[in-house]
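2 protein chains.
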Amino acid sequence: MFLKDKSHGLYGRGSRRSRESGVGNPGGEHVENFTFFNPTKIEFGLGKEQTIGRHLSEHGVKKVLLCYGSERIKREGLFDVVARSLAEKGVAWVELGGIVSNPVISKVREAVSLGRAHQVDAILSVGGGSVLDSAKAIAAGLRYDGDVWDLFVGKAGIESALPLFAILTLAATGSEMNAAAVVTNEETREKFFIMSPALFPVASIVNPTLMRSVSREYLVYSASDVIAHLIEGYFTAAEHPKLQSRLVEALINTVIETTEALLVDPEDDDARGQFAWAATLALNGLTSAGVSGSSWPNHAIEHAISALFNVPHGAGLSVVMPAWMKWSLSRNPAQFKRFAATVFGVDTAEQGVAALEAWFDKIGTPTRLSQLGLGETQIPAIVENALGNVGAFGIADVYTRETIADILTNAL
Amino acid sequence: MFLKDKSHGLYGRGSRRSRESGVGNPGGEHVENFTFFNPTKIEFGLGKEQTIGRHLSEHGVKKVLLCYGSERIKREGLFDVVARSLAEKGVAWVELGGIVSNPVISKVREAVSLGRAHQVDAILSVGGGSVLDSAKAIAAGLRYDGDVWDLFVGKAGIESALPLFAILTLAATGSEMNAAAVVTNEETREKFFIMSPALFPVASIVNPTLMRSVSREYLVYSASDVIAHLIEGYFTAAEHPKLQSRLVEALINTVIETTEALLVDPEDDDARGQFAWAATLALNGLTSAGVSGSSWPNHAIEHAISALFNVPHGAGLSVVMPAWMKWSLSRNPAQFKRFAATVFGVDTAEQGVAALEAWFDKIGTPTRLSQLGLGETQIPAIVENALGNVGAFGIADVYTRETIADILTNAL
Numbered sequence: 001m002f003l004k005d006k007s008h009g010l011y012g013r014g015s016r017r018s019r020e021s022g023v024g025n026p027g028g029e030h031v032e033n034f035t036f037f038n039p040t041k042i043e044f045g046l047g048k049e050q051t052i053g054r055h056l057s058e059h060g061v062k063k064v065l066l067c068y069g070s071e072r073i074k075r076e077g078l079f080d081v082v083a084r085s086l087a088e089k090g091v092a093w094v095e096l097g098g099i100v101s102n103p104v105i106s107k108v109r110e111a112v113s114l115g116r117a118h119q120v121d122a123i124l125s126v127g128g129g130s131v132l133d134s135a136k137a138i139a140a141g142l143r144y145d146g147d148v149w150d151l152f153v154g155k156a157g158i159e160s161a162l163p164l165f166a167i168l169t170l171a172a173t174g175s176e177m178n179a180a181a182v183v184t185n186e187e188t189r190e191k192f193f194i195m196s197p198a199l200f201p202v203a204s205i206v207n208p209t210l211m212r213s214v215s216r217e218y219l220v221y222s223a224s225d226v227i228a229h230l231i232e233g234y235f236t237a238a239e240h241p242k243l244q245s246r247l248v249e250a251l252i253n254t255v256i257e258t259t260e261a262l263l264v265d266p267e268d269d270d271a272r273g274q275f276a277w278a279a280t281l282a283l284n285g286l287t288s289a290g291v292s293g294s295s296w297p298n299h300a301i302e303h304a305i306s307a308l309f310n311v312p313h314g315a316g317l318s319v320v321m322p323a324w325m326k327w328s329l330s331r332n333p334a335q336f337k338r339f340a341a342t343v344f345g346v347d348t349a350e351q352g353v354a355a356l357e358a359w360f361d362k363i364g365t366p367t368r369l370s371q372l373g374l375g376e377t378q379i380p381a382i383v384e385n386a387l388g389n390v391g392a393f394g395i396a397d398v399y400t401r402e403t404i405a406d407i408l409t410n411a412l
Numbered sequence: 001m002f003l004k005d006k007s008h009g010l011y012g013r014g015s016r017r018s019r020e021s022g023v024g025n026p027g028g029e030h031v032e033n034f035t036f037f038n039p040t041k042i043e044f045g046l047g048k049e050q051t052i053g054r055h056l057s058e059h060g061v062k063k064v065l066l067c068y069g070s071e072r073i074k075r076e077g078l079f080d081v082v083a084r085s086l087a088e089k090g091v092a093w094v095e096l097g098g099i100v101s102n103p104v105i106s107k108v109r110e111a112v113s114l115g116r117a118h119q120v121d122a123i124l125s126v127g128g129g130s131v132l133d134s135a136k137a138i139a140a141g142l143r144y145d146g147d148v149w150d151l152f153v154g155k156a157g158i159e160s161a162l163p164l165f166a167i168l169t170l171a172a173t174g175s176e177m178n179a180a181a182v183v184t185n186e187e188t189r190e191k192f193f194i195m196s197p198a199l200f201p202v203a204s205i206v207n208p209t210l211m212r213s214v215s216r217e218y219l220v221y222s223a224s225d226v227i228a229h230l231i232e233g234y235f236t237a238a239e240h241p242k243l244q245s246r247l248v249e250a251l252i253n254t255v256i257e258t259t260e261a262l263l264v265d266p267e268d269d270d271a272r273g274q275f276a277w278a279a280t281l282a283l284n285g286l287t288s289a290g291v292s293g294s295s296w297p298n299h300a301i302e303h304a305i306s307a308l309f310n311v312p313h314g315a316g317l318s319v320v321m322p323a324w325m326k327w328s329l330s331r332n333p334a335q336f337k338r339f340a341a342t343v344f345g346v347d348t349a350e351q352g353v354a355a356l357e358a359w360f361d362k363i364g365t366p367t368r369l370s371q372l373g374l375g376e377t378q379i380p381a382i383v384e385n386a387l388g389n390v391g392a393f394g395i396a397d398v399y400t401r402e403t404i405a406d407i408l409t410n411a412l
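Those protein sequence lines, which keep their order, are chains V and C. If you number the first sequence the way full-length UniProt numbering does, the last residue is 412 and the count never jumps. If you number the second sequence the way full-length UniProt numbering does, the last residue is 412 and the count never jumps.
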């Protein structure tokens, strides 16, 4: 993952230039200093989940906390495969199921207690991004003496974490190959992130055929999430070199093409595989390396919506993105025009944004607050919550109460 | 770096299908199982060479073998910067200069003796791909009791190597972020490669401004080398998923654009930076992950030319590539047509190959054997030498004496 020199982050702080304008430097092109380091081993493909016991035992793990979400992994047989692989290598485990979408800190706390009681020496996530992000928080929490939420609010830094392993069952968040995690505090309605080199998974297994049973809804939300990861830096960077723009466009075009293929045929494993690998590459540091002054306004705003109303993150993002783009396209017209041409083959910046919105409509992910059951009445609450996020993303000076309200109004 | 399950290699063995046809499976698209693992830390940008002492000391290095090529790094001040950084962190060093282009095994042997005598505990390469590939061989040789050439001919495997660090002064080979190295045995005229996860550099410093003094000639040879790394898999794969094709095209288009910019203005650091990062990404496993049955025929043939006649590797490649393409385009017309459209905006496979050859001519890297001072007379010797390479690349069944001669005849 790309670790910025100063911010150690995917979620880079806005540079002076991007802070001033809110979005990128039109036409700017300059490769910024960076450190690229991503030690996660990816095991990609059919049957790779059978190697999990070997990965753990090679790492010296004796007892693992096995985290998962619903009981689906038991019904569908994946749990048995994992259990057999662990048993074969003499790795003991403690189970923790029931992790939900938009994962919550209370569950993380429960898991930290359980892991401490059983003296586990590693964490294994079997599930999608919500399970994996929870697992990262658990891994850090087990090496921290205080309350794990302290790590999210900056009361304490993450010095170390238990070694973390993952078997992915849904491709979207990129968490399998990065060092970040997002969790919601359901009491305070804060959806915050942590990030530390200690949170890179040691090994992540990505078997696209395990994702066949992902619902049509979650497939299109995932497409929205991956596109969001790609466009944040692309449009907000103070400088966006053409090399990095081309990589982003390669990934967005792949997501669009493979999503359409999967909507026609959910058994198309080749499309599923390309979708999954694009999702990993979209947030593993590849596209952000060398990009300066980018920021994460769409996430800062969406996290408010899902923290308050528990909507799927990808559904929230497909509402926020077109609204944010309409607000920002006049601030970086060259890059929006480039996007229009390279992704949708249309001429103007406005047409490009309209084409993305139309594509979201076509695949069936929401583009209006009303589709989330929200409206003008809820905007003030979303704005207030989002104001609690923009500081952490380093964009509080541009994303004021008025700006966020303007953007959300575009989504009515 | 992408480590194939079976071959541990960038230089994947040909699959049955590619072995049968010699090139790819027209229209095939299938994401293959793979393991992606690349633990090298890249420090990219201005002034990063000043961090070298810190990287070594953080890794516990006490005494390093500092390898370099010509005395240019002393004249231009880089050596002093490195020495100061090492001294500040209390890291001692032993110098070994005089490593040449198309690096030779006798020099590697000399370095292994020197390193053993001084009991160094790490290797530092300051230079381009030749110095770095030598450094990899030295690092492995210092952990092997026999003659280091044994590792190149498969007499022994590479179990471990001394930790390796690099400061890059020329972007081309991608060696700074992969686990392979190529060295010539000048007695036997064999140019062979080694590859092992033990050979990943721990950290590589890529400061594009250190490359400003690269000559015009070596710039265009480097462009040829990077393009060669990208097209081998692109055209030879049994299956080449569109995602990976798009990544390759993003990188080739960047190389073309930035090479042209640098020929106009060698001080264009932004172009230099994008060129350098494209060179790294071209051979760090990114583009080969998920690609099945690819092979390295252009390298197998070119290594024969530079082993025999000591021509610059990139110059040899720009001669071999168009000749090989003319031979192979009828075997994978869809991918050649795609290349023509996405890289040169022309319609047919033949036009695409002609456009690449014309571009090589335009930037001034050779496209004919005669420009290397070679002709029909030398073809038999090149063929015989190349036959010694094709086995290691897993393509001996297709690349017979007759085939290689046919390809070389295209370069007359």
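No lab work stands behind these hints: they were computed from the structure. All C-beta atoms in this analysis are idealised placements derived from N, C-alpha and C, irrespective of residue type, glycine included. Certain hints may be false.
Unchecked claim - If you want the footprint, here are the derived chain V segments under chain C, 3+ residues with CB under 8 Å:
no., segment
1, 41-53
2, 236-248
3, 283-292
To be verified - Heads up, incomplete: computed chain V residues facing chain C, CB under 10 Å, no partners named:
no., residue
4, E257
5, T258
6, T280
7, D361
8, I363
Going down the list of hints, with the structure as the test:
1. 41-53: With 8 residues in contact (Cβ-Cβ under 8 Å with chain C), the coverage given for the segment 41-53 of chain V holds.
2. 236-248: Coverage by chain C holds for the segment 236-248 of chain V (5 residues, Cβ < 8 Å).
3. 283-292: holds (count 3)
4. E257: 7 Å, holds
5. T258: With Cβ-Cβ at 8 Å, under 10 Å, it holds.
6. T280: OK, holds: T280/V within 10 Å of chain C, min 9 Å.
7. D361: With a closest approach of 24 Å, the D361/V hint is violated.
8. I363: 19 Å, violated
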